[in-house]
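Q: Sequence:
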Amino acid sequence: MASRRTTVHLAAVLGAVLAASTSICAPAAAGDPPKRTLPDYEGRPPAHATPGETMLWIPRVVFSPVYFTTEYLLRRPLGAMVSAAERANVPSALYDFFAFGPDHKAGVAPIAFLDFGFNPSVGAYAFWDDAFVGGDDLRLHVSAWSEEWIAGSFVQRTRFHQRDSLTLKVTAIRRPDYVFYGVGPTSLQSSQSRYAEDRFTASATTELRLWRSSTVETAVGVRRSTFRDGHFRQDPGIVEAAAGGAFPLPDGFTTGYTTEENRVLLALDSRRPFPSEGSGIRLEAEADQGNDVSQPAGSGWLRYEAAAGAFVDVDGHRRVLSLSVQTLFADPLGSRPVPFTELVSLGGDRPMPGFYPGRLVDRSAAVGTLRYRWPIGPYVDGSLQAALGNVFGAHLDGFDSRLLRFSGALGIETDSSPDSNFEILVGFGTETFEQGGRVDTARLMLGVSRGL
170 MASRRTTVHL
180 AAVLGAVLAA
190 STSICAPAAA
200 GDPPKRTLPD
210 YEGRPPAHAT
220 PGETMLWIPR
230 VVFSPVYFTT
240 EYLLRRPLGA
250 MVSAAERANV
260 PSALYDFFAF
270 GPDHKAGVAP
280 IAFLDFGFNP
290 SVGAYAFWDD
300 AFVGGDDLRL
310 HVSAWSEEWI
320 AGSFVQRTRF
330 HQRDSLTLKV
340 TAIRRPDYVF
350 YGVGPTSLQS
360 SQSRYAEDRF
370 TASATTELRL
380 WRSSTVETAV
390 GVRRSTFRDG
400 HFRQDPGIVE
410 AAAGGAFPLP
420 DGFTTGYTTE
430 ENRVLLALDS
440 RRPFPSEGSG
450 IRLEAEADQG
460 NDVSQPAGSG
470 WLRYEAAAGA
480 FVDVDGHRRV
490 LSLSVQTLFA
500 DPLGSRPVPF
510 TELVSLGGDR
520 PMPGFYPGRL
530 VDRSAAVGTL
540 RYRWPIGPYV
550 DGSLQAALGN
560 VFGAHLDGFD
570 SRLLRFSGAL
580 GIETDSSPDS
590 NFEILVGFGT
600 ETFEQGGRVD
610 TARLMLGVSR
620 GL
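Last residue of the sequence shown? That's 621 in the numbering used here, and every number before it is there in order.
Source of the hints: derived by calculation from the structure; they are not laboratory data.
Zero decoy hints are in this set.
Taking CB as the label site, the calculated pair distances span:
1) SER315 with VAL433: 29 to 39 Å
2) ALA257 with THR583: 18 to 28 Å
3) ASN590 with ARG332: 14 to 24 Å
4) GLY567 with HIS330: 42 to 52 Å
5) ALA262 with LEU565: 48 to 58 Å
Remember, it's a predicted structure, so these values are computed and weren't measured experimentally.
Yeah, the Cβ is synthetic: ideal placement off N, Cα and C, and Gly gets one too.
I would like the entire structure built from these sequences, with the hints used as guidance.
A: Structure (structure tokens):
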């Protein structure tokens with residue numbers, strides 16, 4: 170009986186709803202008064218566009234080709250893939266497969282990285298959070314492509330108060346395809362050569378987080394580097410290119426070096442952490458001092474740099490337009506020159522990413538970068554940047570605006586981990602303006618960064 174009464178009640182309610190909807194949708198009779206205007210229940214006038222939202226139309230129009238590329242070739246397909254994967258429960262299945270333990274605080278996942286113009290790599294990334302005590306995190310990366318391309322790193326990071334940290338890191342890399350073009354602002358793309366390096370590094374780094382996004386980092390470590398002639402496809406080795414007169418064999422190549430190094434970074438950053446809006450300023454100074462303990466006295470060097478940047482969140486939703494300037498220097502602390510891999514370099518993950526890593530090398534550099542960064546998904550940002558700069562002699566000796574180069578890059582990157590992030594980048598670089606400013610190099614990379 171209870172089930173029958175419930176059915177009757179539901180039928181009655183459904184009938185009432187249908188009757189009400191029918192009366193609402195029925196046309197008004199000729200004698201009915203007109204409907205009153207809908208009151209403004211919020212009691213507020215319509216919201217007007219902010220200056221930032223109005224200004225946003227300028228880059229939208231200028232960069233509309235880039236927008237359509239990222240929107241319809243990247244963001245929407247990526248969003249559709251993520252949505253389809255969520256409907257099929259793929260993320261949970263992968264998470265359960267690669268992560269294990271009571272709270273999924275440990276796991277192993279495959280990684281791959283491809284930077285066209287270099288050997289690719291495949292490997293594995295392992296993590297274990299709160300490994301032995303709370304706040305103690307372990308990370309392990311292993312990557313390889315052949316017996317000549319092997320890399321691995323082990324990281325132990327101890328977190329204090331969820332903000333400060335002490336990181337112990339050991340890294341070993343062996344690869345045969347690093348590039349070298351000579352030293353100086355006018356080095357030529359046609360001088361591309363390859364060298365091989367075996368590098369071992371051990372370091373301890375402290376990070377203290379201060380007001381807002383300000384930080385202080387200190388580090389001590391040791392590093393051993395040895396070099397050989399390299400190879401990749403048809404490119405000549407560095408020894409062959411030097412013998413052919415493309416450039417002199419660089420300092421430190423024949424002897425290698427073992428360095429004890431000390432580093433300090435001071436950053437004053439007024440921006441608030443995510444998810445707050447991204448406006449603010451950042452002032453940064455860094456110094457890195459090394460001593461080659463395998464050579465006689467007078468074989469040390471000092472690298473230092475300063476940077477300043479202004480960031481404007483144009484609509485309050487972390488669509489950030491920024492302008493930054495950066496100067497970098499490397500000076501010997503004795504009679505021996507600075508090894509070529511310790512000189513200032515541009516390209517790769519350094520400023521002006523449209524160039525290959527290490528494309529530009531010398532004693533100093535100056536770079537200005539205009540960048541627009543916007544969110545395109547959970548923990549995924551798009552980045553569009555344009556930079557002017559180049560390397561020069563000691564303390565910017567020989568600086569000339571005609572010797573500047575242009576670097577442009579468009580990319581997608583995740584921002585969820587300091588150890589391993591996914592990246593896609595398309596970029597290009599030009600000759601100096603004095604040489605004609607023509608595009609002479611292009612770069613495409615994608616995959617999971619190794620954190621090495």
